[in-house]
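Model the full assembly from the supplied sequences, consistent with the hints where possible.
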Amino acid sequence: MASPNSVLIVGAGPTGLCLALALLKNGVPVRIIDKLPTPRIGQKGNGIQPRTLEILYSLGLLDDVFKRSCHIKSLVVYEMPGATKVAKEITLTPQVEPTPDKPFPNSRAMGQDRFEALLVEHLERLGGTVERGVELRNFTQDATKVSAELAKVDGSIEHADFEFLVGCDGGHSPVRHILNLSFLGETREGEGMFVGDIIIKKGISDEYWHCFNGTGTGLGATPGVKAEGASGALTFIFRTAEIPGLSTVMATGPKIEDVQQRFSTCDGLIQAFYEVTGRTDVEFGEQLCGWWWRPNIRMVDTFGVGRAFVAGDAAHTHSPTGGQGMNSSIQDAYNLAWKIALVHKKLAPPSLLETYSTERLPVIAAMLQKTTDLLNKTMAAFRKGVADPSVTNEAWERGGELQQFGVNYRGSTIVLDERNPPEEGVIPSAYGSGAGGVRAGDRAPSAPIKGVGHGAEKLFDVFTPTRHTVLVFTEDEEKVQGVLEQVKTLPEGVAEVVVVAPKGKAAEVTRAKVVEDVEGHARSIYQVEQDPTIVVVRPDGAVGAIVLEAAGISRYFSKILA
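So for the sequence shown, this note's numbering puts the first residue at -7; every next one is plus one.
Hints may contain errors.
[Claimed, not checked] With a straight-line cut-off of 25 Å between C-alpha atoms, the simulated BS3-like cross-links for lysine-lysine are:
{"id": "1", "residue 1": "Lys27", "residue 2": "Lys65"}
{"id": "2", "residue 1": "Lys94", "residue 2": "Lys442"}
{"id": "3", "residue 1": "Lys362", "residue 2": "Lys94"}
{"id": "4", "residue 1": "Lys17", "residue 2": "Lys495"}
{"id": "5", "residue 1": "Lys505", "residue 2": "Lys480"}
{"id": "6", "residue 1": "Lys338", "residue 2": "Lys94"}
{"id": "7", "residue 1": "Lys17", "residue 2": "Lys338"}
{"id": "8", "residue 1": "Lys369", "residue 2": "Lys442"}
{"id": "9", "residue 1": "Lys137", "residue 2": "Lys338"}
{"id": "10", "residue 1": "Lys77", "residue 2": "Lys94"}
{"id": "11", "residue 1": "Lys65", "residue 2": "Lys369"}
{"id": "12", "residue 1": "Lys77", "residue 2": "Lys65"}
[To be verified] DEER-style ranges, computed between Cβ atoms:
{"id": "13", "residue 1": "Gly119", "residue 2": "Thr91", "range": "35 to 43 Å"}
{"id": "14", "residue 1": "Glu150", "residue 2": "Leu280", "range": "31 to 39 Å"}
{"id": "15", "residue 1": "Leu540", "residue 2": "Lys369", "range": "43 to 51 Å"}
To be clear, the hints were calculated from the coordinates, so they are not data collected in a lab. Ideal Cβ positions, reconstructed from N, Cα and C, are used throughout, including at glycine.
As structure tokens, then:
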């Protein structure tokens, strides 16, 4: 139901659904609409990066994600012609063992349509629902509300007021257009490709992803071999899913108009594959969906105006190379949710919402640069031939910064680092690798702990999307009391104190929630050298502050609260 105190979320993709989940957990009423009458079909972006897995853990979804997803598979590239012998196998994301600070270090694969269905299940457990077949036609806003015009599938029009509006409505975002936001960048018409989901009955193993690409001067061309028609210059990639027999097929070539024409039907796609590869042993089933995609590399210059915001593809579109899109979009939502919650509860001024834009803009700008560089390398590999021995695996590797552990807000005006104050005039990388150790604005790392009187096993267990967590590294009861007194001056529910005591010292602290640093990892990871060291972790899992005395807590929260 419409409510002037609720948040209208336009678009029920991963961005909008994660935003709705985080807001509902904070007690903020939401209304989420989607113009499509039924859920979307299609895997689209299927990679879930480790940093996003940590967010899903915080939201209570990770167990279900692990049950329904699979690891990122290796890519096998076939020698052409013939397409039966493997020329090379490329490990896209090497599987690594968890570490104390990174308990979920490996990316997962799950089709976006099935991921959305899982998010909806959790939304409904919280009492939320998606209103399908409801389209945002227009909206206006003033200092106190957003007034929206909503068109229903039955032809009726509803006018309703909301406290805030967030457009999670994709690359063609009506919300972005109504706000008249710039969408700067480029569209690469000549690098388009067909993308669709298809059933493979036999002939292609579910164990790998598969690439059929020639080694000539053109895409898919093989020296000395003349294939019939334009299809001889095609490249095919089959990204097999976590569901046996289901695959996303991606196909491209140097003559884009020929590719579009051949793939206008499922039979055309299958016949083109047979002509290029000669692999008539591959038996296809139903094509579930298909669309024409082209690199559209753009981003807004601000993430909102007044009480209306954009997130996800509505704010930035780019190449899927690197698997950063959906993950960055979910992080948009997670950054915005806790800020809306504090303003909704009248605990923070509306100006706090301006930091959503200032914190996310540098991250997205850096992400677009990385994914575009990777796209350029990938397309160059296609042109030369992925199987060519001179083509390195650099264009395909998905580790390092793409895991997003280094995404940070070190340059934000609302973080406070009194242990290592930032150098004046130095702009840190928003997509860095955490150089110099943990700083305010960084992802808050985990560490194995033992809860005293509760079941926490790692620091992630005491972080929550509903409040700040004040980690106090000390065993001194008097210093703990000083922190508690500072936190008591804050509005109720804004923050919780968690004392991180050394092994064998937890029993000495009795006035606060306590965890025991049984192996010393927490102190090492957070580089604790001074007693006390106080680390304030924001609801979005970023370090809001690192201070060395209780009074620093007030200095931090003065940046945020009313």
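*Measure nothing beyond the straight line between the CA atoms of Lys94 and Lys442; if it is 25 Å or shorter, mark the hint as holding.*
Status holds; Cα separation ~17 Å.
*Are the Cα atoms of Lys77 and Lys65 separated by 25 Å or less?*
Distance ~18 Å between Lys77 and Lys65 Cα, so the pair holds.
_Satisfaction of hint between Lys94 and Lys362, Cα-Cα up to 25 Å_ = Status holds; Cα separation ~23 Å.
*Going straight from one Cα to the other, do Lys17 and Lys338 come out at no more than 25 Å?*
With Cα atoms ~17 Å apart, Lys17 and Lys338 stay inside 25 Å; holds.
*Going straight from one Cα to the other, do Lys17 and Lys495 come out at no more than 25 Å?*
violated, 33 Å
*Between Leu540 and Lys369, does the beta-carbon spacing fit 43 to 51 Å?*
Because 45 Å falls inside the window, the suggested range holds.
*For the pair supplied as a hint, Lys338 and Lys94, confirm whether the alpha-carbon distance does not exceed 25 Å.*
violated, 35 Å
_For a C-alpha distance cap of 25 Å, please report whether Lys27 and Lys65 respect it._
violated, 34 Å
*asked:* Tell me if the straight-line CA distance from Lys77 to Lys94 falls inside 25 Å.
replied: violated, 38 Å
*Has the given pair, Lys137 with Lys338, been kept, meaning a C-alpha gap of at most 25 Å?*
Roughly 14 Å separates the two Cα atoms, so the pair holds.
*Are the Cα atoms of Lys369 and Lys442 separated by 25 Å or less?*
Violated - the C-alpha atoms of Lys442 and Lys369 are around 46 Å apart, more than 25 Å.
_Please verify whether Lys65 and Lys369 have alpha carbons no more than 25 Å apart._
holds, 20 Å
Going through the hint list in order, the structure does not satisfy hints 1, 4, 6, 8 and 10.
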